[in-house]
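Peer 1: Residue numbers (the working numbering), protein chains in the order written: chain A, 1 to 106; chain B, 107 to 493; chain C, 494 to 688.
Some chain A residues flagged as far from chain C (calculated, every beta-carbon gap over 10 angstroms):
| # | residue |
| --- | --- |
| 1 | I101 |
| 2 | L103 |
| 3 | M104 |
| 4 | K105 |
Keeping only pairs whose Cα atoms sit at most 25 angstroms apart, straight-line, the calculated SDA-like set for lysine to any residue is:
| # | chain 1 | residue 1 | chain 2 | residue 2 |
| --- | --- | --- | --- | --- |
| 5 | B | K404 | C | L681 |
| 6 | B | K241 | C | F565 |
| 7 | B | K404 | C | L679 |
| 8 | B | K167 | B | L136 |
| 9 | B | K167 | B | V323 |
Calculated directly from the structure, the hints in this document are not laboratory data. Just so you know, even glycine gets a beta-carbon here, dropped at the ideal spot from N, CA and C.
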Amino acid sequence: MAPLVYFQILSAALFVIGLYGVLARRSAVLVVMSIELMLNAVNINLIAAASHLEGQGRFLNFDGHIIAIFVITIAAAEIGLALAIILRMYRNRATVDVDEINLMKW
Amino acid sequence: MGITDLLIILLSLAALFAGLTVAVLGLIWLERKVLGRLQQRLGPTRAGPMGLFQPLADALKLILKEDIVPSSAEKAVFWIAPVIVVLSAFVVWVTIPASHTLVVENLDLGLFYIIAVSVIGIMGLVMAGWGSANKYGTLGSLRAAAQLISYEIPVIMVVVAVAMLAQSMDLRVIVERQGSYPFVLLQPLGLVIFFIAGLAEVGRTPFDIYHAESEVVGGPFVEYSGAHWSVFFLAEYINTFAIAALTTLLFLGGWAGPLLPPIVWFLLKTLAVVLVVFWVRGTFPRLRIDQLMAFAWKALVPLSFYAVISTAIYQFYGWPAWSLSLMSLAGLLAVGYLVYQRMTGPARRVAQVRARQQAAMQSRRSGISGGPVAPPAAQTPSAPGQS
Amino acid sequence: MVLQDIIFWLLAAIMLAAALGVVLVRDLFRAALLLVTVFLAVAGFFVLLSAQFLAVVQVLVYAGAVAILLVFAVMLTKDVARGNQPNRLRLPAAGLAGLALAVFIAVAVTTGWTPLPPSVQEQAALVQTQASGGTTPEGLEQAGISGEVQRSQAQRATLADLLLGEYVVPFEAVSVLLLAAAVGSLALLRGRPQG
Numbered sequence: 001m002a003p004l005v006y007f008q009i010l011s012a013a014l015f016v017i018g019l020y021g022v023l024a025r026r027s028a029v030l031v032v033m034s035i036e037l038m039l040n041a042v043n044i045n046l047i048a049a050a051s052h053l054e055g056q057g058r059f060l061n062f063d064g065h066i067i068a069i070f071v072i073t074i075a076a077a078e079i080g081l082a083l084a085i086i087l088r089m090y091r092n093r094a095t096v097d098v099d100e101i102n103l104m105k106w
Numbered sequence: 107m108g109i110t111d112l113l114i115i116l117l118s119l120a121a122l123f124a125g126l127t128v129a130v131l132g133l134i135w136l137e138r139k140v141l142g143r144l145q146q147r148l149g150p151t152r153a154g155p156m157g158l159f160q161p162l163a164d165a166l167k168l169i170l171k172e173d174i175v176p177s178s179a180e181k182a183v184f185w186i187a188p189v190i191v192v193l194s195a196f197v198v199w200v201t202i203p204a205s206h207t208l209v210v211e212n213l214d215l216g217l218f219y220i221i222a223v224s225v226i227g228i229m230g231l232v233m234a235g236w237g238s239a240n241k242y243g244t245l246g247s248l249r250a251a252a253q254l255i256s257y258e259i260p261v262i263m264v265v266v267a268v269a270m271l272a273q274s275m276d277l278r279v280i281v282e283r284q285g286s287y288p289f290v291l292l293q294p295l296g297l298v299i300f301f302i303a304g305l306a307e308v309g310r311t312p313f314d315i316y317h318a319e320s321e322v323v324g325g326p327f328v329e330y331s332g333a334h335w336s337v338f339f340l341a342e343y344i345n346t347f348a349i350a351a352l353t354t355l356l357f358l359g360g361w362a363g364p365l366l367p368p369i370v371w372f373l374l375k376t377l378a379v380v381l382v383v384f385w386v387r388g389t390f391p392r393l394r395i396d397q398l399m400a401f402a403w404k405a406l407v408p409l410s411f412y413a414v415i416s417t418a419i420y421q422f423y424g425w426p427a428w429s430l431s432l433m434s435l436a437g438l439l440a441v442g443y444l445v446y447q448r449m450t451g452p453a454r455r456v457a458q459v460r461a462r463q464q465a466a467m468q469s470r471r472s473g474i475s476g477g478p479v480a481p482p483a484a485q486t487p488s489a490p491g492q493s
Numbered sequence: 494m495v496l497q498d499i500i501f502w503l504l505a506a507i508m509l510a511a512a513l514g515v516v517l518v519r520d521l522f523r524a525a526l527l528l529v530t531v532f533l534a535v536a537g538f539f540v541l542l543s544a545q546f547l548a549v550v551q552v553l554v555y556a557g558a559v560a561i562l563l564v565f566a567v568m569l570t571k572d573v574a575r576g577n578q579p580n581r582l583r584l585p586a587a588g589l590a591g592l593a594l595a596v597f598i599a600v601a602v603t604t605g606w607t608p609l610p611p612s613v614q615e616q617a618a619l620v621q622t623q624a625s626g627g628t629t630p631e632g633l634e635q636a637g638i639s640g641e642v643q644r645s646q647a648q649r650a651t652l653a654d655l656l657l658g659e660y661v662v663p664f665e666a667v668s669v670l671l672l673a674a675a676v677g678s679l680a681l682l683r684g685r686p687q688g
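Go ahead and model the full structure; you've got the sequences and the hints to work with.
Peer 2: What follows is the structure, encoded as structure tokens:
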């Protein structure tokens, strides 16, 4: 198995790409997609740590898996809500450009 | 993992693909024959004895046809969509065992894996509809996505119930646990839900709204022709075969059976399920899209939750086996009654309205007693209450 | 081992290229397709890390449900015509991302991780593969775990036991959250057509 650092660098790269997507794109749908990228990066990191590092007092370490399952579940909930909000926004304003949704901007 | 292991896996994959292709050709012939019989025709008779070479001729024709790519299509998406659909159909078969030893790669999580992989095919359909740059295609692919995602839920829940009964997701273990009696006796509701939702998953006839010729002229496949279209066709039949095989493995005891060798039993049971699929196709009309979604969310999803909960109660309290059968049958009967009520609802309402009109007519006639009233021409005495 | 390394680099290349595509490509539908590629590559990494169960969950939830939802959103908002345009923040965002990457890598490299020794790692991997189907004594024996203490530890630490034992409160909380999200999105989207 590849050393832990490789996985960490990989997941850092994926996370950073997602970060760029969130900051630099106009479409709200794409912002949601970038958030998914970031969550996936976190999951890679968690699983890699779980299978490379020692668990607390246990021979086996499933905590990373458990947290990853929670991340996936919450991501599913989040994406359902986010897309509902985006569709609603599109229905009201006929745009999903996050730069134009500035009604509540200070 | 050495080179030889890799070679063995590649060889067994090739063998699996060859076997599936032969099975699909057989299924096509069988379907045309069975449908012909159901419609009081003969089916194919010309090519070969009893039309046995008809699928070969069909395949040859399809491959030799011109393969048209629409000029405004997104080429990459258009080309790769059929590949994804057929791959997801094919990869499911990697872990489906035909007997205890006859399996490419048995997985601990076999059942879960099958469900997960079959979901990828939906993406292929969406890509096909989008990539062909056609309104019908896009509409069909949206319908496909909505339908397949909706019917995925009952399938998953029933699979969870079966996994609870067998205490495993390994298909071989599931079959072994059915040694004394198949799960269909324990959980008949599960079989019915799985079969119906499975039909919807592969888009067979009562649920083929997303590629209905008379409404969306082929849906995602509208722009496909020749070899590309035949790939979709192949995937559809592989999926049908997979659903039949899974029904056999999960509910009908798999390859267990007396006298004959296991593989023969497996094929016989699968064939029986396939014949039921064809029978359904020959019998039922297509559902409308709203009926389709309503059926999934209002009937199948609650029912599948009921199946899981009844199985959990049975497992947790360690009740005798017949109690689960009873609970399951009760659910089945309740739903059958509701569906019957709903199906006959319009006819009943019509009958009520007719009866009311009749009564009003009667009272008016008796109210003007004495005077000669000519009865309306349309009023025939035996009209109401017949439906 | 060599095969696993090849798979690692292949998956890494595919995943990073697809991820870059997601944020750079102009066509939103293609971005969604590339995102599915990323999800599948991540599932591949999970298999590589012998987390089979999570790999299957990843394919089912992300490549199945989430991807379809995203495609629906792309198709329904007709945003594809306008494309995936960058906003004014492109250069600062790139700079910030680069900075973050540098920090992450520096932290990952300089932190003194204490990894399991390779032999134990392989044992753990074997058990994790086994554990998805129940940690049977035979399976543990196969993985080379024979000590009484170790075996009981391994058996107590399976995913299902943890999820419904030690982590049962978060588990239930997440269930409630999912239900709330489902009801919430329904409530958001239904109602009068005019809004």
